[in-house]
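*Asks:* Next come the chains, spelled out residue by residue.
Protein chains: 2
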Amino acid sequence: MKIGFIGTGIMGTPMAGHLADKGHEVYAYNRSSVPDSLKKKGISVVSSCKEAAEKAELVIIMVPDTPHVEEVLFGKNGVAEGIQKGSIVVDMSSISPVETKVFAARINDLGCSYLDAPVSGGQIGAENASLTIMVGGDPNAFDKVLPVFQLMGQNITRVGGNGDGQTCKVANQIIVALTIEAVGEALVFASKAGADPAKVRQALMGGFASSKILEVHGERMINRTFDPGFRINLHQKDLNLALSNARALQISLPNTATAQELFNAVAAQGDSGLDHSAMVLALEKLASHPVND
Amino acid sequence: MKIGFIGTGIMGTPMAGHLADKGHEVYAYNRSSVPDSLKKKGISVVSSCKEAAEKAELVIIMVPDTPHVEEVLFGKNGVAEGIQKGSIVVDMSSISPVETKVFAARINDLGCSYLDAPVSGGQIGAENASLTIMVGGDPNAFDKVLPVFQLMGQNITRVGGNGDGQTCKVANQIIVALTIEAVGEALVFASKAGADPAKVRQALMGGFASSKILEVHGERMINRTFDPGFRINLHQKDLNLALSNARALQISLPNTATAQELFNAVAAQGDSGLDHSAMVLALEKLASHPVND
Chain A
94 MKIGFIGTGI
104 MGTPMAGHLA
114 DKGHEVYAYN
124 RSSVPDSLKK
134 KGISVVSSCK
144 EAAEKAELVI
154 IMVPDTPHVE
164 EVLFGKNGVA
174 EGIQKGSIVV
184 DMSSISPVET
194 KVFAARINDL
204 GCSYLDAPVS
214 GGQIGAENAS
224 LTIMVGGDPN
234 AFDKVLPVFQ
244 LMGQNITRVG
254 GNGDGQTCKV
264 ANQIIVALTI
274 EAVGEALVFA
284 SKAGADPAKV
294 RQALMGGFAS
304 SKILEVHGER
314 MINRTFDPGF
324 RINLHQKDLN
334 LALSNARALQ
344 ISLPNTATAQ
354 ELFNAVAAQG
364 DSGLDHSAMV
374 LALEKLASHP
384 VND
Chain B
94 MKIGFIGTGI
104 MGTPMAGHLA
114 DKGHEVYAYN
124 RSSVPDSLKK
134 KGISVVSSCK
144 EAAEKAELVI
154 IMVPDTPHVE
164 EVLFGKNGVA
174 EGIQKGSIVV
184 DMSSISPVET
194 KVFAARINDL
204 GCSYLDAPVS
214 GGQIGAENAS
224 LTIMVGGDPN
234 AFDKVLPVFQ
244 LMGQNITRVG
254 GNGDGQTCKV
264 ANQIIVALTI
274 EAVGEALVFA
284 SKAGADPAKV
294 RQALMGGFAS
304 SKILEVHGER
314 MINRTFDPGF
324 RINLHQKDLN
334 LALSNARALQ
344 ISLPNTATAQ
354 ELFNAVAAQG
364 DSGLDHSAMV
374 LALEKLASHP
384 VND
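Those protein sequence lines, which keep their order, are chains A and B. Here the numbering used here = 1-based position in the first sequence + 93. Here the numbering used here = 1-based position in the second sequence + 93.
With the rest of the complex left out, here is chain A (with noise of 0.2 Å):
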């Protein structure tokens, strides 16, 4: 298939790699350039997204926020001035849901379908082909693309109509960031009590308790291995994009926004870079007592 890439990053590198790995023709463009490791498994770098779009039946867009994306599509040699009608657009970046479906019907009406397809995984999991894909959009148009994103990824659902794939991805961050947030509550309570953080934690795995972030942030916090991971920086990108689109649906979220507080508070201590599971870091600032200590 002739695919467009538009963003190789830290994700879109590898990821566009194992479409070239397959056999696809890939044209890539990149803001800055595009990596000689790309060039050297054949990809085509083109000099705009509107050639992307002319040179491809599917478009694959993997870049850091939502005016990136806008910019991408509808900007000045945007997607939208190459794209021909019956060719795709798949959003990849985790963005607004709400911004989504008004991206989403623009292209519709240049007579073209539009899949919002953002992915859990980070680096390791674009590199693996290992990442969860969360897609919303058109079921005629997920099915073509499927093959395709089976090359990318493994646990790959379409959650429902344009919009719903990238509503799903902040869902995920939110649910992430707060139990990252309860499970260092109870291990600073646990620890300025006078108990050993990792046995209380090993107490708790089994039960009502357990979850992934007890198991794999716990750790990190009560070993202080805080090294990413996953920033953040990051984080803070997806918890902007669940309390901005609160406010716009009108709904609160108290504890998310507690969360990117003290998300802010390691952030102000220079600390923006390390694992999220140094949100702790605030809470022990907050109670002055390290969970190791």
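Bear in mind the hints are in silico, worked out from the structure with no lab data behind them. A portion of the hints provided could be inaccurate.
What the hints assert, rightly or not - Cut-off 27 Å, straight-line C-alpha distance, at most; resulting in silico cross-link-like pairs (BS3-like, lysine-lysine):
1. Lys-292/A with Lys-305/A
2. Lys-237/A with Lys-292/B
3. Lys-115/B with Lys-95/B
4. Lys-305/A with Lys-305/B
5. Lys-115/A with Lys-132/A
6. Lys-292/B with Lys-148/B
7. Lys-169/A with Lys-132/A
8. Lys-292/A with Lys-330/B
9. Lys-292/B with Lys-305/A
10. Lys-115/A with Lys-133/A
11. Lys-330/B with Lys-305/B
12. Lys-237/B with Lys-292/A
13. Lys-178/A with Lys-115/A
14. Lys-132/A with Lys-95/A
15. Lys-305/B with Lys-292/A
16. Lys-330/A with Lys-292/B
Once you have looked at the hints, place chain B on chain A.
*Replies:* Just chain B now, kept in the frame of chain A:
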């Protein structure tokens, strides 16, 4: 073994029953009357906590909260007045970790051992002898009582010294409440953004957002099955322990405080008898949007 059992309520009755079934000589005291079902099992009813302590080498306490344990132990005709040197007191109630250390020291001063051994698993766990038991106290006393614990529970951990069992239970209740809150915020967001919360829950299971709470309580929120389960008014008591002990320990638990307020908001509508997953009703009220809408 001669066992005093103080507190034969919803939890204590099946627990004491298991001990009698396995041939232990049980002396039961309850503030109101001891159920006939226990008398039929050959359990002797005594007229005070003091008498239960006089007749037994092991005294088990299962009462609602910290002041009740204090009254049972050190009130008029309490355990401390009747207990013999070398006996063991086991408090299986869920009470304050800080106060527990004081109670344990006073019992130790009488030449006796003390174990704090709160449980999770609720009425069903008590009836099926499948409780999780989190124990704090002396290892020798723990080893002596372990065969008795095994008649009431399955997952039995000595977490550390006195108070650490109660600390572990509080940590458990913090994580459970905050994970319910996290799943609630995520599902309200997803629903209000127009996605199907059941499909979102499905897509998130297996990833980093996965937890026992997403599985069980997430399903309850979607299907509106709020019959308990574990009642909000009991979880309010546990979060009050968390917050009052946090204040005593000089630590800050911001999301636990919010979760308690959300429970309070549900209780304000007269719904404190519902399952704790009904915390989502307060989030929905903030959003004016039920997750199954």
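*Asks:* Take the hints in turn and mark each one as holding or not.
*Replies:* Hints, one by one, checked against the model:
Between Lys-292/A and Lys-305/A the CA atoms are separated by roughly 17 Å; this keeps the pair inside 27 Å, and the hint holds. Between Lys-237/A and Lys-292/B, the direct Cα distance comes to roughly 21 Å. Compliance with the 27 Å bound is thereby established for this hinted pair. Restraint check: the Cα-Cα separation between Lys-115/B and Lys-95/B comes to about 12 Å, which is no more than 27 Å; the hinted pair holds. At most 27 Å may separate the alpha-carbon atoms for a hinted pair to count; Lys-305/A and Lys-305/B meet this at roughly 9 Å.
Taken as a hint, the Lys-115/A and Lys-132/A pair is honoured in the structure, with Cα atoms around 15 Å apart against an allowance of 27 Å. Restraint check for Lys-292/B and Lys-148/B: not satisfied, since their Cα atoms lie roughly 58 Å apart, outside the 27 Å limit. This hinted pair checks out: Lys-169/A and Lys-132/A have alpha carbons roughly 25 Å apart, not beyond 27 Å. In summary, the hint linking Lys-292/A to Lys-330/B is supported, as the alpha carbons are separated by about 24 Å, within the 27 Å threshold.
The suggested pairing of Lys-292/B with Lys-305/A holds, with an alpha-carbon distance near 20 Å, which does not exceed 27 Å. Between the alpha carbons of Lys-115/A and Lys-133/A the distance comes to roughly 14 Å, so the proposed pair stays at or under 27 Å and holds. For the given pair, Lys-330/B sits about 22 Å from Lys-305/B by alpha-carbon distance, which is consistent with the 27 Å threshold. Restraint check for Lys-237/B and Lys-292/A: satisfied, since their Cα atoms lie roughly 21 Å apart, inside the 27 Å limit.
Restraint check for Lys-178/A and Lys-115/A: the C-alpha separation of about 26 Å stays at or below 27 Å, so the hint holds. The straight-line distance between the Cα atoms of Lys-132/A and Lys-95/A is roughly 16 Å, inside the 27 Å bound, and the hint therefore holds. Taking the CA atoms of Lys-305/B and Lys-292/A, the gap is near 20 Å; set against the 27 Å cutoff, the hint holds. A C-alpha spacing of about 24 Å is found between Lys-330/A and Lys-292/B, which places the hinted pair at or below 27 Å, so the restraint holds.
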